[in-house]
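Peer 1: Okay, here's what each chain looks like letter by letter:
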Amino acid sequence: MIEITHEPIDTAALLRAVESNLAGAAVLFLGTTREVTGDRRTRSLVYEAYEAMARQKMAELAEEASRRWPLTGSALVHRLGELGLGEASVAIAVSSPHRCDAFEAGQWLIDTLKEVVPIWKQENWADGTCEWVHPGQPPSPTGGLAESAAGSAPAEPHAEGAHPANPASNES
Amino acid sequence: MIEITHEPIDTAALLRAVESNLAGAAVLFLGTTREVTGDRRTRSLVYEAYEAMARQKMAELAEEASRRWPLTGSALVHRLGELGLGEASVAIAVSSPHRCDAFEAGQWLIDTLKEVVPIWKQENWADGTCEWVHPGQPPSPTGGLAESAAGSAPAEPHAEGAHPANPASNES
Amino acid sequence: MKVEVKLFAVAKQLAGADTAVVELADASTVADLRAALARTYPPLAPTLASVVFAVNAAYADEQTRLHPHDEIACIPPVSGG
Amino acid sequence: MKVEVKLFAVAKQLAGADTAVVELADASTVADLRAALARTYPPLAPTLASVVFAVNAAYADEQTRLHPHDEIACIPPVSGG
Chain X
-14 MIEITHEPID
-4 TAALLRAVES
6 NLAGAAVLFL
16 GTTREVTGDR
26 RTRSLVYEAY
36 EAMARQKMAE
46 LAEEASRRWP
56 LTGSALVHRL
66 GELGLGEASV
76 AIAVSSPHRC
86 DAFEAGQWLI
96 DTLKEVVPIW
106 KQENWADGTC
116 EWVHPGQPPS
126 PTGGLAESAA
136 GSAPAEPHAE
146 GAHPANPASN
156 ES
Chain Y
-14 MIEITHEPID
-4 TAALLRAVES
6 NLAGAAVLFL
16 GTTREVTGDR
26 RTRSLVYEAY
36 EAMARQKMAE
46 LAEEASRRWP
56 LTGSALVHRL
66 GELGLGEASV
76 AIAVSSPHRC
86 DAFEAGQWLI
96 DTLKEVVPIW
106 KQENWADGTC
116 EWVHPGQPPS
126 PTGGLAESAA
136 GSAPAEPHAE
146 GAHPANPASN
156 ES
Chain L
74 MKVEVKLFAV
84 AKQLAGADTA
94 VVELADASTV
104 ADLRAALART
114 YPPLAPTLAS
124 VVFAVNAAYA
134 DEQTRLHPHD
144 EIACIPPVSG
154 G
Chain S
74 MKVEVKLFAV
84 AKQLAGADTA
94 VVELADASTV
104 ADLRAALART
114 YPPLAPTLAS
124 VVFAVNAAYA
134 DEQTRLHPHD
144 EIACIPPVSG
154 G
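Chains as they are written, first to last, in the working numbering: chain X, -14 to 157; chain Y, -14 to 157; chain L, 74 to 154; chain S, 74 to 154.
Only chain X is shown next, with the shape it has when bound in the complex:
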């Protein structure tokens, strides 16, 4: 199950998709819209994708995970459009005979999805500003457009998906 949707994510459908009599464990990961980042508050997030490529990359990730771990099922769903607080933007489910593999594969899938799948989020801050989130570029304290256009963006390639201790945006 590989899906890009504008509707709320049906988590039960992901769990059904990875059910197997050969599975002893299933792990479901949800990435959700967090209200508080540092001292800023989020009102909503808007997700946009290069849909055809995103779907293809998600399918490649599922295949790669099945090569690396003995999985009995995998499912990846990403939602697009505007999401309110607490809503899930991404859901990943995997099942495997033993739980270690399900945990490892689930974590690898979300880490790698965040590195390679062409999807972008825009923070709509509670103060009325909004900005596109682009890891590796300095976050703008005042909203995206003016700051980015002002230049001096570093020539840093895509962020390597490191877990930021103090992320400047809604980053699980």
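Honestly, the hints are just simulated from the structure, not real lab data.
A portion of the hints provided could be inaccurate.
Stated by the list, open to error - To be clear about the criterion: a stretch of chain S counts as covered by chain X if any three or more of its residues have a C-beta under 8 Å from a C-beta of chain X, and this derived list gives those stretches:
1. 76 to 83
2. 98 to 110
3. 117 to 130
Glycine included, every Cβ here is placed at the ideal spot set by N, Cα and C.
Got chain X sorted already, so can you dock chains Y, L and S onto it with the hints?
Peer 2: Relative to chain X, chains Y, L and S alone:
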């Protein structure tokens, strides 16, 4: 949410229980009844608990996890009675601002639950035999009662919840 | 004093009952209980080396003293999850 | 040859359009495209240092040659999940 139930586990209820505007991630773990273990087939599992103590231990685990990781929610449910293939015996959900903590806490909770919570499973094998599963005791190839009564059980204390490479029973 | 011990899983199966009753001297410990169970319920003997005991729903050690109204349980190696 | 480039996120915002069109010499590479985009769409220039390109829905490198009917996309650092 700490629950011991004889009914099928409502996974949506666990996810609702850990929802929070402060969460950026939620992880749900399900332990499910696997059909195949080595070259043996399972027909069903029967779970029994020392219920009052099991509930108390599960609550202690949730509190300890919240001390170790910055969680925004946790939920533990264990099912008792007879479970068919593919059914979930245990469900654990946790949420946190960042995903690493949810993955780590979820894995610690299921590992530790399997070590300390007084719940036992009986394998009903497809060949008609059945046996109680007790980690650290040699598995019986022919069913539990006669073999166990025959003695020579090693004086090994409770298994330390290691992930068995080739478990002799339905062990996620 | 007379104490009741809750039995579970293989211990319940071996004893053929969900409760064992043993007579102990006052101020007995878990170690004394273990020995008394083996004498009173011979079918339990083989499994007693691998069980632990809970007193009032908390894991106890061999030195824990037992009192007449304690809730005592025999806990074989657990296999939940 | 004339190529169309899909724009997303901050690149779309800066260009004010979801597609950029640039004129390239035959057998041009992604590096040539990057330079042509900076000349043709000055507002995009600051962000071009941090984008990569996809050709026919696969990530491309600077030496990848472009053909008239390729599907080309400008990919700013991704932030899904």
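Peer 1: None of the hints should be skipped; say for each whether it holds.
Peer 2: Verification of the hints:
Coverage of the stretch 76 to 83 of chain S by chain X holds in this model, with 4 residues showing a Cβ closer than 8 Å to a Cβ of that chain against a need of three. Check result for the stretch 98 to 110 of chain S against chain X: violated, 0 residues qualifying (beta carbon to beta carbon below 8 Å, three or more required). Counting residues of the stretch 117 to 130 of chain S whose beta-carbon sits less than 8 Å from any beta-carbon of chain X gives 8, enough to reach three: the coverage restraint holds.
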